[in-house]
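Asks: Here's the letter readout for the chains.
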Amino acid sequence: MATPDPTTPKSLGEKLQSLPRGILYLILVICTSVPLFFNIPVPNEPTQAAKDLFNALNSLPAGSTVLVGSDWTVSTRGETGGEFDALIRILMRKGIKFAVYTTADPQAPEVARDEIVMLSEDEKKHGGKGVERWNDWVSLGFFPNAEATANLIAADPTKAFGSKKDVKPDGTLGSALSSPVLKDIKTLTDFKMLILVTGTQTSTVTIERLSGKGLPLGMMVTGVMGPETAVYYDSRQLNGLCAGLKGVYDMETLMDGTFKGQVNFGRGKLYYPTLHFALALLIVAVIVGNVGMMISRKGKA
Amino acid sequence: MLFAQVEKTFWAEGSGSSALWLKILMAVVVGFGLTFAMLKLPARGRRTLVVGITFLAGLYWVLYYLWPQPLPGRLANGSPLPHGQPRDLVESVGFWIKDAQPVVSDFANILSSFLLGLGVFSIIRIHGRKLFRRQPDWGFSAVLFLAMIAMVIVGYVNYYQTRYTPGSSKLELPSNWGSWQFANDLLFNGLLQQMDAAMFSVIAFYILSAAYRAFRIRSVEATILLSTALIVIFSLMGIVAYEWNNAVAHIPGATTGGIAGNFSLTEIYKWINQNVQTPAIRGIDFGVGIGALAMGLRLWLSLERGGASAA
Amino acid sequence: MVLNYDTLKLTLGVIATIGLYSVLYRENKFYRFWEHIFLGLAVGYAIVALWTETLKESWWDKMVGSVPTGGEAGNPGYWAYALLLPIGLMGYFVFSRKHNWISRVPIGIILGLWAGQQVQVWWNRYGPQISSSIRPLLPNTTSSFTVPYIQNPSSGQLEQLRAQVYPSQAISNIVFVFTLLSVIAYFLFSFEAKNRLVKSMSLSGRWLLMVGFGAIFGSTVMMRFSLLIDQMYFIWMEWLTHHILGR
Chain E
1 MATPDPTTPK
11 SLGEKLQSLP
21 RGILYLILVI
31 CTSVPLFFNI
41 PVPNEPTQAA
51 KDLFNALNSL
61 PAGSTVLVGS
71 DWTVSTRGET
81 GGEFDALIRI
91 LMRKGIKFAV
101 YTTADPQAPE
111 VARDEIVMLS
121 EDEKKHGGKG
131 VERWNDWVSL
141 GFFPNAEATA
151 NLIAADPTKA
161 FGSKKDVKPD
171 GTLGSALSSP
181 VLKDIKTLTD
191 FKMLILVTGT
201 QTSTVTIERL
211 SGKGLPLGMM
221 VTGVMGPETA
231 VYYDSRQLNG
241 LCAGLKGVYD
251 METLMDGTFK
261 GQVNFGRGKL
271 YYPTLHFALA
281 LLIVAVIVGN
291 VGMMISRKGK
301 A
Chain X
302 MLFAQVEKTF
312 WAEGSGSSAL
322 WLKILMAVVV
332 GFGLTFAMLK
342 LPARGRRTLV
352 VGITFLAGLY
362 WVLYYLWPQP
372 LPGRLANGSP
382 LPHGQPRDLV
392 ESVGFWIKDA
402 QPVVSDFANI
412 LSSFLLGLGV
422 FSIIRIHGRK
432 LFRRQPDWGF
442 SAVLFLAMIA
452 MVIVGYVNYY
462 QTRYTPGSSK
472 LELPSNWGSW
482 QFANDLLFNG
492 LLQQMDAAMF
502 SVIAFYILSA
512 AYRAFRIRSV
522 EATILLSTAL
532 IVIFSLMGIV
542 AYEWNNAVAH
552 IPGATTGGIA
562 GNFSLTEIYK
572 WINQNVQTPA
582 IRGIDFGVGI
592 GALAMGLRLW
602 LSLERGGASA
612 A
Chain Z
613 MVLNYDTLKL
623 TLGVIATIGL
633 YSVLYRENKF
643 YRFWEHIFLG
653 LAVGYAIVAL
663 WTETLKESWW
673 DKMVGSVPTG
683 GEAGNPGYWA
693 YALLLPIGLM
703 GYFVFSRKHN
713 WISRVPIGII
723 LGLWAGQQVQ
733 VWWNRYGPQI
743 SSSIRPLLPN
753 TTSSFTVPYI
763 QNPSSGQLEQ
773 LRAQVYPSQA
783 ISNIVFVFTL
793 LSVIAYFLFS
803 FEAKNRLVKS
813 MSLSGRWLLM
823 VGFGAIFGST
833 VMMRFSLLID
843 QMYFIWMEWL
853 THHILGR
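Residue numbers (the working numbering), protein chains in the order written: chain E, 1 to 301; chain X, 302 to 612; chain Z, 613 to 859.
Reference listing, derived: stretches of chain Z covered by chain X, where coverage requires no fewer than 3 residues with Cβ under 8 Å from a Cβ of chain X:
#	stretch
1	683-690
2	696-707
3	835-841
So the derived list for chain Z, only partly shown, Cβ under 10 Å to chain X, looks like this:
#	residue
4	THR629
5	LEU651
6	ILE659
7	MET675
8	GLY677
9	LEU723
10	VAL731
11	ILE742
12	PHE757
13	GLN763
14	LEU821
15	MET822
16	VAL823
17	PHE825
18	PHE829
19	GLY830
I should point out that these hints are in silico values taken from the structure, not numbers from a laboratory.
Beta carbons: idealized from backbone N, C-alpha and C, even for Gly.
Just chain E, with the same shape it has in the complex (with noise of 0.2 Å):
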């Protein structure tokens, strides 16, 4: 192959097609800072299967328990995190208890942990009751192998989390069965709900072994998993789904439709205008990328 003569000045085509990448690094930096300090409304129509989350979460009896899935970590919080968030302002304004098992990363404990601890106390900042652990949350801690966890959950929770012990409020360790969470839970379906929050393959091995059993299944995935996860949503083996950035401005929009006057937006509404900017920005990129290929073979033709 002939190597390009670098006496020759660049084409108009070639140019467009090669620009520096730091120059495309900073100007993604740019685009993703900038509108950061802006405040710029963005309306939003949720989807549908957010909508069907939010109506199956919102539709639970208060002091009911719901078991939730708590697959990620800060890596992914910029999605899972605020799905997650959520998530539990819901379950603490509804007065739902939830405990939390992980599957699929070893960390992914003392990050729930530490999430919930905040939002309680950011609740109870803005006139809210928040959660008190072990009355109303309990943490059941890592199982490292999602396929047989799932498998004995559906055949029997108290077998899955018996051996698991949580802090009571007077700071000694009790059984998490015995918690005002767990005391009533003898089967799958005395949990009104299982979410899984999560950006791994666990969604796959939930839904293998969860669904159809009577237990109502919703997920909070990352966008990645958004469309292959969307398939069991139209098979109806999920009873809702909220995938990615979109889903976590479409469950604060929801939120802020139904709890008037509480702190209903985090992360969705705080990167959701500057996630235009990027994605315009990718588009552009792409069409420049195109054109100086167009006008590259029209040159040499």
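For this one, chain E is given, so just place chains X and Z on it according to the hints.
Replies: Just chains X and Z, lined up with the frame of chain E:
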């Protein structure tokens, strides 16, 4: 009744009793003894052993799903049957399989935990060798070990304080933290989680660069891919969707069932999503699923060359 | 600027983030320094979490049991759990050149357990998808081409609407089924097909696959940019604006 919850049987002993510790010690000695005996196993026997273990492990779940399950209602009052015993071998095995599930699940979780430690061991081994042999860049390995030791110490002390000391529940709130909680927060949230997020976000730069350099409309397939990606991206942009839908809404009849209403961005995207994207991804999923089913069977029966049973 | 723990923590996080981002320019020692700190912390936390989140309660407590304390019933110790230690440690023979076959024992157990489950879980996952893919391809009414618009329909009207298959819905269903079969044809008939129908279905399957990939690409892009925006928010807003500038 092998796995039933009883106070004292061959499998269970009182907590802290010398009988329990003796049995634990013997189990560990026998286990390691068997491991060392396996080192002497001839090559032919190795494959047979691994194949047999893999098959038995899989056989449990196959039987769980295919063997007649114990009838519901026969487990009232903790007693499986009114007359106290299974009627026949089929029912006996059914109860045994069902009772064994928590233990099998425990075994799977515990073994997975031990195997997760392989990654930890590997890192320690590689960087330990670098450090002690003063190989190039051994300074970075020293930094790695310092960070690791700091996290281990802080992590364990924090764990102990937040679960086993009086008043530990108060330590949940930052206002009650001691120095170990601050140290844990600094290392875990301040550094580890933050760097985790930074690592994942770097990919955004590469995606933009790759899309700019490589995403070219050179074929029918590339054109279809780009067009669909653009429609998806536009539908994700709330402002674009709003303006487009607004423009369509001004067409007479669009909001009252007229055909124009189908050309809003939301409706176009919904139609493509429901009728083209979903079946396309479902088709991929089916293909993957059939492959996974075939792979599952081949692994269970150890038909896979170079798999777990290869010796 | 208020010098407190939060400011220190965030500043350290920002320096670490910039250190990792420096790889975008080129590989350098500053990046490698932070990379190794990240790895060290991750490994250290894994050592802690594997014990505290899993092994302590699922293995050790079950093996040694517990005596009754403060209202909590005691439990006997099940000594057989001790056997899991040598079995689990067999996995570490993977590092031995001579005896690495022994590591296949615990791996074989895990893989065997997974494989045995596929018998049932495959149907749990795909059965509902297969049934939801079977759709009516012929309309059963021609009173309207599209689904009629009814403002605030009653439940009876909704039921009637759902029972009908309008021509537009039938066309959509045909597109759905055709897409699904074409994509499956592309995958399953990956050997050379002589039949012209199969060949053309395979080709259209390849094109329709691109629609699926386009959706995945669009969603992936959204996710990666969201993560970057989260980091930019952390640097510019959480650290700089709120903590350093105090606004």
